[in-house]
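Participant: In order, the protein sequence lines correspond to chains A and B.
Yeah, the first sequence ends on 147 if you go by this note's numbering, and it's all consecutive.
Yeah, the second sequence ends on 114 if you go by this note's numbering, and it's all consecutive.
These are computed hints drawn from the structure, not numbers from a lab.
Stretch by stretch, here's where chain A covers chain B in the computed footprint (C-beta under 8 Å, at least three residues):
#1 54-65
#2 92-101
Selected chain B positions facing chain A (Cβ under 10 Å, derived; list incomplete):
#3 G25
#4 F68
#5 T69
#6 K86
Quick caveat, the model's predicted, so the values are computed rather than measured.
Even glycine gets a Cβ: it sits at the ideal position worked out from N, Cα and C.
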Amino acid sequence: MEQPVSYTLDSTLDTVDHAEESATRIATELGFGEDEVMQISMAVREGAVNAVLHGNKYAPDKKVTLAFERTPEDLVITIRDQGKGIDLNGIPNPLAPENLLKTSGRGIFLMRSFMDVVEIRPSQTGTEVKLIKHVHGKPVGNKEDSQ
Amino acid sequence: MSMKLSTRQVDGVTIVDCSGRITLGEGSVTLRDTVRDLLSKGNKKIILNLAEVNYIDSSGIGELVSAFTTTKNQGGELKLLHLTKKVHDLLQITKLYTVFDVKDDETAAVKGFK
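Put together the whole structure using the sequences plus the hints.
Facilitator: In structure tokens:
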């Protein structure tokens with residue numbers, strides 16, 4: 001992936017699968033290891049689930065945008081929805097004993113577990129989630145960097 | 001790959017062999033419906049064999065929790081069997097590994113029911 005890639009997607013479950021598949025493909029192309037590819041794809045999936053389900057609430061007139069960018073140091077993935085924003089202070093800690101048996105509320109925790117940086121910017125016009133994974137090795141096929 | 005489930009009986013215990021992905025949507029719904037159906041028919045000793053489950057997301061984790069608590073609330077018992085590394089790691093980081101009764105041996109798991 002030499003140039004940034006961006007998708008505008010409907011608020012459907014297909015979008016969640018598409019986001020995950022795109023993340024898997026791009027992370028693999030960039031040379032991330034198997035475990036890191038899994039972590040990146042799962043973080044993107046969780047971000048897309050939040051955008052479709054909690055942000056846009058499956059509304060047909062609202063879109064999800066998904067963007068991938070490779071900087072010299074990082075893979076930067078941005079997911080935006082057009083919902084009403086989320087109250088980050090209202091999200092309970094899923095590791096607290098009283099929350100362990102809750103059936104939801106682990107998505108952001110998993111994103112933070114799997115990515116190096118997670119930035120969430122809620123607003124009245126939507127939420128932007130930025131997921132960053134540091135690139136530790138050289139990208140696959142980057143022959144220009146070879147000695 | 002979508003999720004597939006099949007059930008079998010071993011010494012009064014229902015083993016649900018799961019394969020594929022337990023994720024938001026079809027996979028989660030299939031698991032939920034199967035467990036509820038078993039409980040409604042009086043099958044309250046349940047093992048979820050996850051040996052062939054290669055992917056699970058936060059919704060899938062939620063369904064496992066739901067299956068566990070629903071079974072417990074109805075006086076039953078639910079165990080997890082043969083976790084793949086991915087699922088094992090996910091349950092570790094979400095601190096659910098010690099909440100679930102996780103087994104590696106099917107025979108021992110069946111005999112372990114009260």
